[in-house]
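A.B. asks: Mind docking chains B and C on chain A? Use the hints.
Take a look at the letters that make up each chain.
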Amino acid sequence: MEMYQNPGKRAYHMAEKIFPICRSIMGKGVRKTLHILDDYISQSEGIHFNIYEVPSDTSVFDWIIPKEWVIREAYIDDESGNRIIDMKNNNLHVLGYSGSIDKWVDLAELKEHIFTQPEQPEAIPYVTSYYKEQYGFCMSQEQLDTLPDGKYHMYIDSEFIDGNLTYAEINLAGKSDEAVLITSYICHPSMANNECSGPALLAELVRYVNKMKNRHYTYIFVLNPETIGSLTYLQQKYQYLKEHLAVGAVLSCVGDDRGYSLIHTRYADTLADKSLANILSNRKGFHEYSFLERGSDERQYNAPGIDLPVVGFCRTKYGEYSEYHTSADDMGMISHAGFQGSFEVMTEWLNALEHNHKYKIKILGEPQLGKRGLYPNISRRGGYEEVAAIKDFIAYADGSNDLIDLSDIIGVPVKELINIAKKLEEEGLLDKCDC
Amino acid sequence: MEMYQNPGKRAYHMAEKIFPICRSIMGKGVRKTLHILDDYISQSEGIHFNIYEVPSDTSVFDWIIPKEWVIREAYIDDESGNRIIDMKNNNLHVLGYSGSIDKWVDLAELKEHIFTQPEQPEAIPYVTSYYKEQYGFCMSQEQLDTLPDGKYHMYIDSEFIDGNLTYAEINLAGKSDEAVLITSYICHPSMANNECSGPALLAELVRYVNKMKNRHYTYIFVLNPETIGSLTYLQQKYQYLKEHLAVGAVLSCVGDDRGYSLIHTRYADTLADKSLANILSNRKGFHEYSFLERGSDERQYNAPGIDLPVVGFCRTKYGEYSEYHTSADDMGMISHAGFQGSFEVMTEWLNALEHNHKYKIKILGEPQLGKRGLYPNISRRGGYEEVAAIKDFIAYADGSNDLIDLSDIIGVPVKELINIAKKLEEEGLLDKCDC
Amino acid sequence: MEMYQNPGKRAYHMAEKIFPICRSIMGKGVRKTLHILDDYISQSEGIHFNIYEVPSDTSVFDWIIPKEWVIREAYIDDESGNRIIDMKNNNLHVLGYSGSIDKWVDLAELKEHIFTQPEQPEAIPYVTSYYKEQYGFCMSQEQLDTLPDGKYHMYIDSEFIDGNLTYAEINLAGKSDEAVLITSYICHPSMANNECSGPALLAELVRYVNKMKNRHYTYIFVLNPETIGSLTYLQQKYQYLKEHLAVGAVLSCVGDDRGYSLIHTRYADTLADKSLANILSNRKGFHEYSFLERGSDERQYNAPGIDLPVVGFCRTKYGEYSEYHTSADDMGMISHAGFQGSFEVMTEWLNALEHNHKYKIKILGEPQLGKRGLYPNISRRGGYEEVAAIKDFIAYADGSNDLIDLSDIIGVPVKELINIAKKLEEEGLLDKCDC
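Chains as they are written, first to last, in our numbering: chain A, -17 to 417; chain B, -17 to 417; chain C, -17 to 417.
Next comes chain A alone, as it looks inside the complex:
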């Protein structure tokens, strides 16, 4: 993928590469996915994920890590020997964590073990049953409707073994031990936006951050299975995170190009909320969701007592697009442009955070901009006049506002304010004032 200059394009091809793997919350699929991502990052950046394995039956907070699910084969044949469905064709055909079965049944009994999604009749739904043993298949409603009466052979060859929950972390130290967390999850099989996109974008962000010069923050990148994985990670690290985490984001459904979504923390009052909302407020199709509409690992990071400033970031939010959790969430759902938009939001956000100082103008009264060549250069850039932006920046650079606040107050993008702050600092007009 090094042939592509465009990070969005590279992320798309990474998603394509990990799309076919049969992942679940634990097991071979997870490890294979992490291996591909690690290869890519280590070849480009010379750094590796730290891989952690936590055994089955370990208690994590209120939960217990289950057995690993080994799935070998799953299909249904009719009495003429026609193969009705086969997980070789689509990983979604087997219920996640399904037990084994080898039984001839009539159509009525078969239907008791088939999951469909009637409102999306062409799509195979994605269904799992991690914590209660049962067996089952998933197929499209349309296909189910064509099945004639008769005998059917349900065959699933699976096993539950003592194994490990796997998660991966990369820690890129900055000048400060204040940390930024970027996380996504690697437990979904063969759905493109949800969730090959999150890990693929995360890999590009690792590359981007690794190249950031003089970065202030320490960056932590985490990939784990959703829910049980983030709980496992948090059980081991939450004290550290409570001491050091400045902001974090869960990446999910970041490859489509329909809109932009922010899922807020519990009270929408953290730097993560304020800063990412600021960046996204300049994007078309931006939608803010309250924590009541949470759904991914932001649930754990924001649970009472954990209380970490971690928001959710999506293009179209999980659950808000019809292809979600079905076979229709395929590679056609995502695009170079979709990823590129996400990449640009995330990197603009990280840059805003890196420069998010409180500023204070050093002199009393308005400075004379003219003698510094800052006044007459009235040029329209990005729809605002730079000179007006400079004056407004100065007017509110009173030591109480950080760069995000300034952007919110004066209505100029942070990336423009970074340049203005630099010019004013060079002129000796501005103090950083983070005390």
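These aren't lab readings, by the way, just hints derived from the structure by calculation.
Be aware that one or more of the hints could be misleading.
[Claimed, not checked] Output of the computed footprint for chain C on chain B, the stretches with three or more beta carbons under 8 Å from beta carbons of chain C:
| no. | stretch |
| --- | --- |
| 1 | 35 to 48 |
| 2 | 276 to 288 |
[Stated by the list, open to error] In silico DSSO-like links for lysine-lysine, alpha-carbon gap of 30 Å or less:
| no. | chain 1 | residue 1 | chain 2 | residue 2 |
| --- | --- | --- | --- | --- |
| 3 | C | Lys157 | C | Lys256 |
| 4 | B | Lys256 | C | Lys342 |
| 5 | B | Lys256 | C | Lys256 |
A virtual CB, placed ideally from N, CA and C, is assigned to each residue, including glycine.
C.D. replies: Below, chains B and C alone, put in the same frame as chain A:
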């Protein structure tokens, strides 16, 4: 009335019973009304009102308790001996606290002593003059318009005697000496909604609270004449109330079935405001009024320096319905359903208060609801999914929110949250956290 | 002007008197203007401005006071000897602070030194270049378009001399050393609303305040050239102002009759913002502007570190009317009624400030208004019922609200509340409570 199961029906019949009594701020009518209410409560519950009598000429804050008004007869005859109006037919025909008169006058002079309500031409208005002696009659504008020129005999036989202002209190102790006050007034003659309804509903609430098991709060029920009566009560009790009162409500116009009204305290910032607004927000036709639109005894409870957390509760607010303060506010204004709605609001409110703890989830990370049978039972109840409500409850049960806050935040009625809290406490997941 | 009773009329005629003077930020025009204003005030009130002269090349914060500009003559002739423009006809024809020139040029070169305002083709624009030396003329676009090819004689006779920046202050002591600042500027030539109106209104306010009996505040009136003048004033006085200033206002464009405008301070959170917004909220055509839309000397008073509670007050805000900064801002822009409206707003504001105590009702419970003759006098005045206003005043006179707050809460103009407070104080019902 014990024959009726429905509290709304019982309250309606109590209102019917006290409707005909000629009440004023002091005197026989007040005592007779309290006697009927006391009989009813004592027969059902075995408890009595404490009746207080405070003499005429006693100073209460800025006021002086007036004489008792004894009214014996009031009528107007024409020169042919026809009786034009007679208070035997309607108590409203005589000006409240009218002095005596026995005089033949012409129509012009008669009109100087007649009050009508031209915008409600069929109705007899309710008019009083407690603190300035004058005499007068009230009749419908329609009737006044039919009177021909001629001589008329104005006859009122009344007297002002040294007497007492009467008020009544029932105190039902709870485990705590934190108190809830429910109050209404008993000085209005022969108008149904305003104000036979308040005392009638209060009687049902006394019965309800008396049967509440393990109640936390101490409940205080007070009936007094409006304004001068609540001032008298407050002069004697406000120091106690300032120490102990958690919330209170003035009941007025609680028997019609048109809407629901809350009159807020001075800054709408007390537990009384928050909790009753929460309960009423689920009712159709709910209207919130600021303290600027106050009118009944909430005026005294919220006066500067008194500062008690007492809201006003009405169905249709006094002054907001055309029958208000006229003979058209008759038994047709009120109904079983009207009272029943008020009763349900009030008892739902009291239950919410009784359970209004701050809750804190005891474990870190989301609890595993599935293993406790709380997860798969997805059933639509009252328009929300219980499982979503449980998860949202847990998400915000961080020790900072009481049950009313939780209901306001997650949009689920308090009565549902009481059940959820109970289930979670039984599972050992939840701490009360009122420290 | 003493012949006019109406302050608006007097202000209009003062504006007319100073309109023709060729003012710039420093020099003869400024002094002549101040002389006229001082004459007027001293004749009427027997008091004088203190005039301060600060030399060229003095540093004021980030700026340096420039030389004085002496302008003697400025015209353009064509080759036939016709005078195309001449500053004798309109002061705006010469670029402010233009250098000298005496040169025959062709039309193309002439145009390089001509400023027009194409979107107002009939008007001569007002252009200055205080801090960068250049020469130039201003004329209407329409006139420029008529000029044929040919030779033109540009002639400007000007000089820059060591001189002084002039500003003027009147200080009217009150009982307290808490101060109110009223300021405007005197550097604009021959434009009526912007800015002959501000100094003219200020003169009437000096007269008004000088006659205020027992005034609480000390009033400071300042006239200076915009920007460099307010910076000069602030450099000398800002420590004093930071200790004593309660509120202030910059007057600009106060002579037209189109609307009313308030330019807020940086966070719109000072007494100046709250009080003037309250007064203006009762005016038709009131428009509130955030500090982002600042433009006059409020820029300096609100600069970070200066942080003085000074708002801007206009009828139509500078920059919001098409005649702004052109020859079309002539005496037809302003009117007696325009000034009178400004005068009434300002004096109502000053009176509100003078009476802006926190009040606390002295008795518990509602006072009995009837016995004090305050209850039955229900008369409609100014669209509210006085008795309702009295009751609402009492309800919120709890010691936490000042008169402006009370007006905001109960929706009754401050000037009415001043009367109510007086009545209640006379009845012994009210305490001032400013501790």
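A.B. asks: Hint by hint, which ones does this structure get wrong, listed from lowest number up?
C.D. replies: Going through the list in order, the structure violates no hint and respects every one.
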